[in-house]
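Q: Note that the protein sequences, when read in sequence, are chains A and B.
Under my numbering, think of the first position of the first sequence as 21, with each following residue one higher.
Under my numbering, think of the first position of the second sequence as 215, with each following residue one higher.
Don't take each hint at face value.
What the hints assert, rightly or not - Quick list of the computed label-pair ranges, beta carbon to beta carbon:
| # | chain 1 | residue 1 | chain 2 | residue 2 | range |
| --- | --- | --- | --- | --- | --- |
| 1 | B | F304 | A | V56 | 14 to 22 Å |
| 2 | A | Q119 | B | F340 | 40 to 48 Å |
| 3 | B | G275 | A | T179 | 23 to 31 Å |
| 4 | A | Y152 | B | T315 | 38 to 46 Å |
Claimed, not checked - Okay, the calculated bits of chain A under chain B, using three or more residues with CB under 8 Å as the criterion:
| # | segment |
| --- | --- |
| 5 | 108-116 |
| 6 | 141-148 |
Just so you know, these hints were derived from the structure itself, not from any lab.
All C-beta atoms in this analysis are idealised placements derived from N, C-alpha and C, irrespective of residue type, glycine included.
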Amino acid sequence: MAQAVVTSGETSPVVAPEDPHQTNTGVSNNKLAIWVFLASESLFFGAFIATYFLYRGRDIGFLKGPKPEDLLNIPFTSVTSFVLLMSSLTMVLALAAIQRGDHRRLRIWLLATAFFGMTFIAGQVYEFTQFYREGLHLGTNLFGTTFFVLTGLHGAHVTIGIVWLLSLWGRSMQGGLPRERHEAVEIAGLYWHFVDVVWIFIFTAIYLIPQH
Amino acid sequence: MTDQGTEVAEPGAAVVPAPESGGAVVAHSDHAPVAHEAGHGDHPTPRQYVLIAVVLVVITGVEIATSYIDTGHSNLIIVALFVMAAIKFFLVAAWYMHMRTDQAFFRRVFVVGMVGAGIVYGILLFVFSSTVLKS
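Please model the complete structure; the sequences and the hints are all you need to start from.
A: Printed below as a string of structure tokens:
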């Protein structure tokens, strides 16, 4: 009674899917949880983006340290933004692969997404280091505080996403991610796309909007 | 056990016959995944995903070019940049996050969070609008 072994087709086992209509809400509990989480994350990041705008240019008359327009490197950040945008494409291709039962491509796209994410983080570390060398620290001025907190929190989210993706890749390598469990990839993908969407607004708010 | 085609049910999981597998016994537990749900429409094809990525890259290019325009009307630039960011957001949410085709309930949950954030922080920024928009 404790265990039942099922042998099915060539590529994927048969695992009875949870019927969403058997849950209290009539929808998948896991998907509902991630959507509620993402809704709360909207409020979370909204607070920091709004705070950035509130303090933007407020200490311009007595600004200590380097000015934002002298530090921000739009061409460099445009490249890292492009990389993050492309990671959303590879993420959704990973989901399409597992839905087809193509586990080899699933693993390739998961690794590609994680690689793009790591490239983005490497760019952020480089940027932070450059700013620090130029004299901008967390407490130097209002720009330093709002910039490092907002982009740093986003970077932390990307890092968590990379760990999540690599854990999915590891599960797939061990055979623990059959086609029927594609929802695990879909949920990780929703998180990843949300992080990408947040960066779309951060990139616009900090880098693209003219400072003066 | 993905590629081997064998799955071991979790201890204590309910065991039910699977009609689609000719009566094979499969595990059915609370932790089992959801395959396809009611209202869960067809996902886009990989070709459509790539097409959306191309559109996103083009909009990003226009955004970056716009940020270099020096018209003396920074409010116009700011509005244009946010409109383009919003278009990119809707493309990612609708196509990559499958909000177009997924169950409406998930969409509502997310929209409540987004609209809530928009209202709360919109009021906050409106109060201090002079520091946000400069003429």
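Q: Each of the hints needs a verdict: does it hold here or not?
A: Verification of the supplied hints:
1. F304/B - V56/A: 14 to 22 Å: Taking Cβ atoms as reference, F304/B and V56/A lie about 21 Å apart, which means the hint holds.
2. Q119/A - F340/B: 40 to 48 Å: 44 Å Cβ-Cβ, so the 40 to 48 Å window holds.
3. G275/B - T179/A: 23 to 31 Å: 28 Å, holds
4. Y152/A - T315/B: 38 to 46 Å: At 45 Å between Cβs, range holds.
5. 108-116: Coverage by chain B holds here, the residue count being 7 at a Cβ distance below 8 Å.
6. 141-148: violated (count 0)
The structure fails to meet hint 6 from the earlier list, while all remaining hints are met.
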